[in-house]
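Visitor: Sequence:
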Amino acid sequence: MTENELRRLERATYLATADTGLWDILLASVISSLAIGPLLSVYLGDFGASAVFLPFYALVFWGIHLVKTRVIHPRIGIVEFGKPRQKRLKSLGVIMLVVNLVALVLGIVAAYRFPMEQTDIVPYILSLILLVSFSTAAFFLEVPRVFFYGLLLATAPVVGEFLFQRGYATHHGLPITFGICTVVILVAGIVRFVRFLPPRIQGEASSREGGYE
3 MTENELRRLE
13 RATYLATADT
23 GLWDILLASV
33 ISSLAIGPLL
43 SVYLGDFGAS
53 AVFLPFYALV
63 FWGIHLVKTR
73 VIHPRIGIVE
83 FGKPRQKRLK
93 SLGVIMLVVN
103 LVALVLGIVA
113 AYRFPMEQTD
123 IVPYILSLIL
133 LVSFSTAAFF
143 LEVPRVFFYG
153 LLLATAPVVG
163 EFLFQRGYAT
173 HHGLPITFGI
183 CTVVILVAGI
193 VRFVRFLPPR
203 IQGEASSREG
213 GYE
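Last residue of the sequence shown: number 215 in our numbering, and the count goes up by one each step with no gaps.
If you are wondering where the hints come from, they were derived from the structure by calculation, not from laboratory data. Even glycine gets a Cβ: it sits at the ideal position worked out from N, Cα and C. Honestly, I wouldn't trust all of these hints.
Said to hold, decoys possible - Using 25 Å as the maximum straight-line C-alpha spacing, the simulated SDA-like pairs for lysine to any residue come out as follows:
1) Lys-70 to Val-161
2) Lys-89 to Leu-143
3) Lys-89 to Ala-20
4) Lys-92 to Asp-21
5) Lys-92 to Arg-13
6) Lys-92 to Val-62
7) Lys-92 to Tyr-59
8) Lys-70 to Ala-20
9) Lys-70 to Ser-34
10) Lys-92 to Phe-142
11) Lys-70 to His-173
12) Lys-85 to Thr-19
13) Lys-85 to Val-145
14) Lys-85 to Ala-18
Claimed, not checked - Listed next, with one range per pair, are the computed distances between beta-carbon atoms:
15) Asp-122 to Leu-91: 34 to 44 Å
16) Val-160 to Arg-13: 28 to 38 Å
17) Ile-123 to Val-96: 26 to 36 Å
Make the full structure from the sequences, and use the hints.
Guide: Structure follows, in C-alpha coordinates:
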(Lines of atoms letter the chains of each structure in order from A; the text may use other names.)
(Lines give C-alpha, C1' and ligand atoms only; values in the text may rest on other atoms or scores of the structure.)
Protein backbone atom coordinates (compact mmCIF):
# COMPACT_ATOMS: atom_id res chain seq x y z
CA MET A 3 0.00 0.00 0.00
CA THR A 4 1.13 3.52 -0.71
CA GLU A 5 1.40 6.14 2.01
CA ASN A 6 -1.65 7.99 0.69
CA GLU A 7 -3.72 4.80 0.80
CA LEU A 8 -2.62 4.16 4.38
CA ARG A 9 -3.52 7.72 5.29
CA ARG A 10 -6.99 7.28 3.83
CA LEU A 11 -7.46 3.99 5.68
CA GLU A 12 -6.23 5.54 8.93
CA ARG A 13 -8.59 8.49 8.55
CA ALA A 14 -11.52 6.25 7.62
CA THR A 15 -10.93 4.04 10.65
CA TYR A 16 -10.51 7.06 12.93
CA LEU A 17 -13.76 8.62 11.71
CA ALA A 18 -15.51 5.25 11.99
CA THR A 19 -14.35 5.01 15.61
CA ALA A 20 -15.61 8.53 16.29
CA ASP A 21 -18.96 7.63 14.73
CA THR A 22 -19.68 4.58 16.89
CA GLY A 23 -21.49 6.66 19.51
CA LEU A 24 -19.18 5.70 22.38
CA TRP A 25 -17.71 9.19 22.62
CA ASP A 26 -21.23 10.61 22.83
CA ILE A 27 -22.26 8.17 25.55
CA LEU A 28 -19.12 8.94 27.55
CA LEU A 29 -19.75 12.68 27.22
CA ALA A 30 -23.37 12.25 28.30
CA SER A 31 -22.25 10.36 31.41
CA VAL A 32 -19.94 13.24 32.35
CA ILE A 33 -22.59 15.91 31.69
CA SER A 34 -25.08 13.97 33.82
CA SER A 35 -22.99 14.80 36.89
CA LEU A 36 -23.63 18.51 36.23
CA ALA A 37 -27.36 17.78 36.25
CA ILE A 38 -27.52 15.44 39.24
CA GLY A 39 -24.64 16.87 41.28
CA PRO A 40 -26.45 20.04 42.41
CA LEU A 41 -29.33 17.94 43.71
CA LEU A 42 -27.02 15.60 45.63
CA SER A 43 -24.97 18.46 47.09
CA VAL A 44 -27.89 19.34 49.36
CA TYR A 45 -27.46 16.00 51.14
CA LEU A 46 -23.80 15.10 50.53
CA GLY A 47 -22.10 18.49 50.23
CA ASP A 48 -20.12 19.62 47.20
CA PHE A 49 -17.27 17.15 47.74
CA GLY A 50 -19.55 14.20 48.42
CA ALA A 51 -21.73 15.01 45.43
CA SER A 52 -18.63 14.89 43.22
CA ALA A 53 -17.05 11.82 44.82
CA VAL A 54 -20.20 9.74 44.47
CA PHE A 55 -19.80 9.80 40.70
CA LEU A 56 -16.35 8.16 40.74
CA PRO A 57 -17.73 4.58 40.85
CA PHE A 58 -20.21 5.55 38.14
CA TYR A 59 -17.43 6.86 35.90
CA ALA A 60 -15.40 3.71 36.56
CA LEU A 61 -18.36 1.57 35.50
CA VAL A 62 -18.90 3.65 32.35
CA PHE A 63 -15.22 3.46 31.37
CA TRP A 64 -15.20 -0.30 31.98
CA GLY A 65 -18.34 -0.75 29.88
CA ILE A 66 -16.95 1.33 27.02
CA HIS A 67 -13.66 -0.58 27.10
CA LEU A 68 -15.59 -3.85 26.96
CA VAL A 69 -17.69 -2.67 24.02
CA LYS A 70 -14.59 -1.47 22.17
CA THR A 71 -12.82 -4.81 22.52
CA ARG A 72 -15.87 -7.03 21.92
CA VAL A 73 -17.84 -5.01 19.36
CA ILE A 74 -15.89 -2.12 17.83
CA HIS A 75 -12.51 -3.68 17.09
CA PRO A 76 -13.91 -6.83 15.42
CA ARG A 77 -15.86 -4.61 13.01
CA ILE A 78 -13.39 -1.88 12.07
CA GLY A 79 -10.07 -3.40 13.13
CA ILE A 80 -7.27 -1.72 15.06
CA VAL A 81 -5.20 1.09 13.62
CA GLU A 82 -2.06 2.77 14.85
CA PHE A 83 -2.50 6.48 14.24
CA GLY A 84 0.23 8.19 12.27
CA LYS A 85 2.48 10.88 13.67
CA PRO A 86 0.43 13.82 12.30
CA ARG A 87 -2.72 12.66 14.09
CA GLN A 88 -0.81 11.74 17.24
CA LYS A 89 0.68 15.24 17.27
CA ARG A 90 -2.77 16.74 16.70
CA LEU A 91 -4.27 14.81 19.61
CA LYS A 92 -1.36 15.71 21.90
CA SER A 93 -1.82 19.37 21.00
CA LEU A 94 -5.48 19.08 21.93
CA GLY A 95 -4.52 17.62 25.30
CA VAL A 96 -2.19 20.53 26.05
CA ILE A 97 -4.73 23.13 24.94
CA MET A 98 -7.52 21.57 27.00
CA LEU A 99 -5.23 21.53 30.04
CA VAL A 100 -4.63 25.26 29.59
CA VAL A 101 -8.34 25.93 29.12
CA ASN A 102 -9.19 24.00 32.29
CA LEU A 103 -6.54 25.87 34.27
CA VAL A 104 -7.93 29.18 33.02
CA ALA A 105 -11.42 28.03 33.95
CA LEU A 106 -10.21 27.12 37.44
CA VAL A 107 -8.59 30.53 37.91
CA LEU A 108 -11.69 32.33 36.64
CA GLY A 109 -13.85 30.30 39.01
CA ILE A 110 -11.69 31.19 41.99
CA VAL A 111 -11.65 34.87 41.00
CA ALA A 112 -15.42 34.89 40.54
CA ALA A 113 -15.94 33.27 43.93
CA TYR A 114 -13.75 35.68 45.87
CA ARG A 115 -13.92 38.93 43.90
CA PHE A 116 -17.52 39.32 42.81
CA PRO A 117 -20.16 40.32 45.37
CA MET A 118 -23.06 37.93 45.73
CA GLU A 119 -25.35 40.26 43.77
CA GLN A 120 -22.98 40.17 40.79
CA THR A 121 -22.57 36.41 40.52
CA ASP A 122 -25.02 36.36 37.62
CA ILE A 123 -21.96 36.86 35.40
CA VAL A 124 -20.71 33.36 36.29
CA PRO A 125 -23.11 31.51 33.92
CA TYR A 126 -21.83 33.59 31.02
CA ILE A 127 -18.22 32.79 31.91
CA LEU A 128 -19.08 29.09 32.14
CA SER A 129 -20.89 29.24 28.79
CA LEU A 130 -17.88 30.87 27.16
CA ILE A 131 -15.53 28.25 28.59
CA LEU A 132 -17.75 25.42 27.35
CA LEU A 133 -18.03 26.94 23.88
CA VAL A 134 -14.29 27.52 23.55
CA SER A 135 -13.46 24.05 24.88
CA PHE A 136 -15.80 22.17 22.57
CA SER A 137 -14.98 24.32 19.54
CA THR A 138 -11.29 23.58 20.07
CA ALA A 139 -11.98 19.87 20.52
CA ALA A 140 -14.13 19.78 17.37
CA PHE A 141 -11.31 21.35 15.35
CA PHE A 142 -8.55 19.04 16.54
CA LEU A 143 -10.70 15.89 16.57
CA GLU A 144 -12.20 16.72 13.17
CA VAL A 145 -15.64 15.76 14.46
CA PRO A 146 -18.13 18.56 13.64
CA ARG A 147 -20.89 17.38 15.97
CA VAL A 148 -18.65 18.12 18.96
CA PHE A 149 -19.02 21.81 18.05
CA PHE A 150 -22.81 21.51 18.06
CA TYR A 151 -22.64 19.78 21.44
CA GLY A 152 -20.61 22.78 22.60
CA LEU A 153 -23.32 25.17 21.40
CA LEU A 154 -25.95 23.11 23.20
CA LEU A 155 -23.99 22.96 26.45
CA ALA A 156 -23.05 26.64 26.29
CA THR A 157 -26.72 27.59 26.46
CA ALA A 158 -27.34 25.47 29.56
CA PRO A 159 -25.88 27.78 32.27
CA VAL A 160 -27.49 30.92 30.79
CA VAL A 161 -30.92 29.35 30.29
CA GLY A 162 -30.68 27.71 33.71
CA GLU A 163 -29.94 31.04 35.38
CA PHE A 164 -32.83 32.62 33.47
CA LEU A 165 -35.23 29.99 34.84
CA PHE A 166 -33.77 30.29 38.34
CA GLN A 167 -34.05 34.08 38.50
CA ARG A 168 -37.73 33.86 37.56
CA GLY A 169 -38.52 31.13 40.05
CA TYR A 170 -39.10 28.38 37.50
CA ALA A 171 -36.24 26.18 38.70
CA THR A 172 -33.98 25.51 41.67
CA HIS A 173 -30.20 25.08 41.79
CA HIS A 174 -29.75 27.75 39.12
CA GLY A 175 -31.67 25.59 36.68
CA LEU A 176 -28.69 23.29 36.13
CA PRO A 177 -30.55 20.00 36.76
CA ILE A 178 -33.05 20.94 34.06
CA THR A 179 -30.76 22.37 31.40
CA PHE A 180 -27.85 19.97 31.78
CA GLY A 181 -30.35 17.14 32.20
CA ILE A 182 -31.82 17.96 28.78
CA CYS A 183 -28.31 18.16 27.31
CA THR A 184 -27.51 14.75 28.80
CA VAL A 185 -30.59 13.16 27.26
CA VAL A 186 -29.97 14.72 23.83
CA ILE A 187 -26.32 13.63 23.69
CA LEU A 188 -27.08 10.18 25.12
CA VAL A 189 -29.84 9.53 22.59
CA ALA A 190 -27.54 10.70 19.77
CA GLY A 191 -24.86 8.30 21.01
CA ILE A 192 -27.23 5.35 21.30
CA VAL A 193 -28.64 5.99 17.81
CA ARG A 194 -25.12 6.09 16.35
CA PHE A 195 -24.17 2.91 18.17
CA VAL A 196 -27.28 1.06 16.98
CA ARG A 197 -26.58 2.19 13.41
CA PHE A 198 -23.02 0.92 13.78
CA LEU A 199 -24.07 -2.56 14.96
CA PRO A 200 -24.81 -4.24 11.59
CA PRO A 201 -21.90 -6.60 10.84
CA ARG A 202 -19.00 -5.26 8.82
CA ILE A 203 -17.21 -7.29 6.16
CA GLN A 204 -14.50 -9.30 7.91
CA GLY A 205 -11.99 -8.70 5.14
CA GLU A 206 -12.53 -4.95 5.35
CA ALA A 207 -11.89 -4.93 9.08
CA SER A 208 -8.75 -7.02 8.85
CA SER A 209 -7.36 -4.91 6.01
CA ARG A 210 -7.41 -1.84 8.24
CA GLU A 211 -5.07 -3.29 10.80
CA GLY A 212 -1.78 -1.44 10.68
CA GLY A 213 -0.55 2.13 10.56
CA TYR A 214 1.76 4.55 8.89
CA GLU A 215 4.62 6.76 9.91
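Visitor: Among all the numbered hints in the text so far, which are the ones the structure does not match?
Guide: Hints 1 and 11 contradicted; others consistent.
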